[in-house]
Amino acid sequence: MDEQRRSIYEDLSSLIEGDVRCDATTRAVYSSDASLYSIEPLAVVAPQHADDVVALARYAHSKNYSLTPRGAGTAVTGSCLGSGIIVDFSRYMNQIEWIDEGTVRVQAGITRAQLNQELAKTGRYFAPDPANANVTTIGGMLGVNAAGSRSVRIGTTRDHVHSIELVTSTGHRLEAGLESLRILTSLPPQISHAPLVNGITSAEDPVLEQNYKRTLVSKLAKLLEDNEELIYEKQPSMLRNTCGYVLRKVLLDGRINLPRLLVGSEGTLGMFTAATLHTTPLPQYRGIALILFGHTQTALQAMQAITPLQPSACDLLDRRLISLAREADEKFARLITPAAEAVMLVEASGFNEADVKERLQTMLKKVRSLNIRAVFAAETYDRDEIDFLWTLPRRVVPHLSRLGGVERPIPIVEDVAVSPECLGEFLSEA
Numbered sequence: 003m004d005e006q007r008r009s010i011y012e013d014l015s016s017l018i019e020g021d022v023r024c025d026a027t028t029r030a031v032y033s034s035d036a037s038l039y040s041i042e043p044l045a046v047v048a049p050q051h052a053d054d055v056v057a058l059a060r061y062a063h064s065k066n067y068s069l070t071p072r073g074a075g076t077a078v079t080g081s082c083l084g085s086g087i088i089v090d091f092s093r094y095m096n097q098i099e100w101i102d103e104g105t106v107r108v109q110a111g112i113t114r115a116q117l118n119q120e121l122a123k124t125g126r127y128f129a130p131d132p133a134n135a136n137v138t139t140i141g142g143m144l145g146v147n148a149a150g151s152r153s154v155r156i157g158t159t160r161d162h163v164h165s166i167e168l169v170t171s172t173g174h175r176l177e178a179g180l181e182s183l184r185i186l187t188s189l190p191p192q193i194s195h196a197p198l199v200n201g202i203t204s205a206e207d208p209v210l211e212q213n214y215k216r217t218l219v220s221k222l223a224k225l226l227e228d229n230e231e232l233i234y235e236k237q238p239s240m241l242r243n244t245c246g247y248v249l250r251k252v253l254l255d256g257r258i259n260l261p262r263l264l265v266g267s268e269g270t271l272g273m274f275t276a277a278t279l280h281t282t283p284l285p286q287y288r289g290i291a292l293i294l295f296g297h298t299q300t301a302l303q304a305m306q307a308i309t310p311l312q313p314s315a316c317d318l319l320d321r322r323l324i325s326l327a328r329e330a331d332e333k334f335a336r337l338i339t340p341a342a343e344a345v346m347l348v349e350a351s352g353f354n355e356a357d358v359k360e361r362l363q364t365m366l367k368k369v370r371s372l373n374i375r376a377v378f379a380a381e382t383y384d385r386d387e388i389d390f391l392w393t394l395p396r397r398v399v400p401h402l403s404r405l406g407g408v409e410r411p412i413p414i415v416e417d418v419a420v421s422p423e424c425l426g427e428f429l430s431e432a
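Add 2 to the 1-based position in the sequence shown for the numbering used here, that's all there is to it.
Don't read these hints as lab results, they were simulated from the structure. No experiment lies behind these values; they were computed from the predicted model shown. For every residue, glycine included, the Cβ atom is placed at its ideal position computed from N, Cα and C. The reader is advised that the hints may include incorrect statements.
DSS-like mimics (lysine-lysine), calculated; alpha carbons at most 25 Å apart, straight line [unchecked claim]:
id: 1; residue 1: K236; residue 2: K224
id: 2; residue 1: K221; residue 2: K236
id: 3; residue 1: K236; residue 2: K215
id: 4; residue 1: K251; residue 2: K215
id: 5; residue 1: K236; residue 2: K251
Label pairs and their calculated CB-CB ranges [to be verified]:
id: 6; residue 1: D207; residue 2: G256; range: 48 to 56 Å
id: 7; residue 1: E227; residue 2: T282; range: 28 to 36 Å
id: 8; residue 1: T105; residue 2: E431; range: 38 to 46 Å
id: 9; residue 1: L180; residue 2: E12; range: 17 to 25 Å
id: 10; residue 1: L311; residue 2: E227; range: 39 to 47 Å
id: 11; residue 1: L232; residue 2: K333; range: 50 to 58 Å
id: 12; residue 1: E427; residue 2: E19; range: 39 to 47 Å
id: 13; residue 1: E99; residue 2: E230; range: 33 to 41 Å
id: 14; residue 1: K333; residue 2: E355; range: 42 to 50 Å
id: 15; residue 1: F353; residue 2: E230; range: 37 to 45 Å
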């Protein structure tokens, strides 16, 4: 261990209760994720609680070390890699703090699967379902604004957040929610009498935090007001947009929606330590159909036809992904013929069995009415069979890394967002 890392280890070990690791093995493990990148960090820290995160942030700020929060490490863009200190929230900060009617308070390191396992006991769930839903952490979902197959109907992670607790790069701990601009005039700024620690006022002092939050909201409000026309002119209004910060409708009707800005910021505006999330009633009934198509264009035609009917979820896979799925599971090889150029999974869900069946049948009738080459390979209302069919798109990406031969796909572009009505034109030009 070199002098710099030894100093980091000794300093942080005396400041926090969590783990501090600077050894070569740990640094090697955290130097990579699901991307093709590799960046070796100076150290890896697993905080035990938010106070640890505050102390860590203040230390890193004083030493000019970067901090990179890490969830499950499943992103293919290298967003959880860094040359400074990696902060792993999954080891200790992975608890549910409370469950209320319609909301739940969780720490950043809990996985979506763990959260929904507990919420299911109350008949509710956290709705966003990205492809890596079984392993992704809530902090990671907040960081990238995770979505999934059901985002057209239920929205993205951003749409299900009430408030976020975060620690800024300077060590301020804030609860960020829907903030009224009256915070700027309701109380005069106060003077903090908190003691200094290493020349810095304690970040845990409530007066300091209130003044800091007031200043933050004031500056942000002015920035958004001064640039309102530019924001609405240049930033596209799309369901899925992960390019830059979402600024549209952050300032609206005399209030600032801080979670709307923070979700999707990938750790650049602060480290999320906890969040209060909105939960959704768990659908009691579901139905799914697997449809095979002879041409990708006809599959797109079918998808565009059923979109106005509001399916709960709709996924379209092309021939390359179908081939991988057939190789991955013998059951898919039996369901999907080698002649299929595209397949579509379409789902209906709800709280009335007859209504769910009627909605799915309406969508299938719509596809049949198009007079296109299509084979209706499967239709089921059995929960286990539905869950199996949804493994079709979710097991393809991991299979890419196990392809034989010298040449293989390289994960560089994570997502491309295209409006459904423009997909045909996009694919013809791609």
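Is it true that D207 and G256 lie within 48 to 56 Å of each other by Cβ?
violated, 28 Å
If you draw a straight line from the CA of K236 to the CA of K251, is it 25 Å or shorter?
holds, 14 Å
Between K236 and K224, does the CA-CA distance stay at or below 25 Å?
holds, 18 Å
Should the hint that E227 and T282 are 28 to 36 Å apart at their CB atoms be regarded as holding?
holds, 34 Å
Evaluate the given range 37 to 45 Å for the C-beta pair formed by F353 and E230.
The hint (37 to 45 Å, Cβ to Cβ) holds, given that F353 and E230 are roughly 41 Å apart.
The hint says 39 to 47 Å between E427 and E19; measuring C-beta to C-beta, is that right?
With Cβ atoms ~56 Å apart, the hint is violated.
Regarding E99 and E230, is the given constraint of 33 to 41 Å on their beta-carbon distance met?
About 37 Å separates the Cβ atoms of E99 and E230, which means 33 to 41 Å holds.
Is the distance from the Cβ of L311 to the Cβ of E227 consistent with 39 to 47 Å?
Between L311 and E227, where Cβ atoms are some 41 Å apart, the hint holds.
With respect to the beta-carbon atoms only, verify the hint that L232 and K333 lie 50 to 58 Å apart.
holds, 53 Å
Quick check on a hinted range of 42 to 50 Å for K333 and E355, using CB atoms only.
violated, 26 Å
Just to be careful, I want the Cα atoms of K236 and K215 compared with a cutoff of 25 Å; is the pair within it?
violated, 28 Å
Range hint 38 to 46 Å (beta carbons of T105 and E431) holds or violated
holds, 44 Å
Hint violations for this structure: numbers 3, 6, 9, 12, 14, all remaining hints satisfied.
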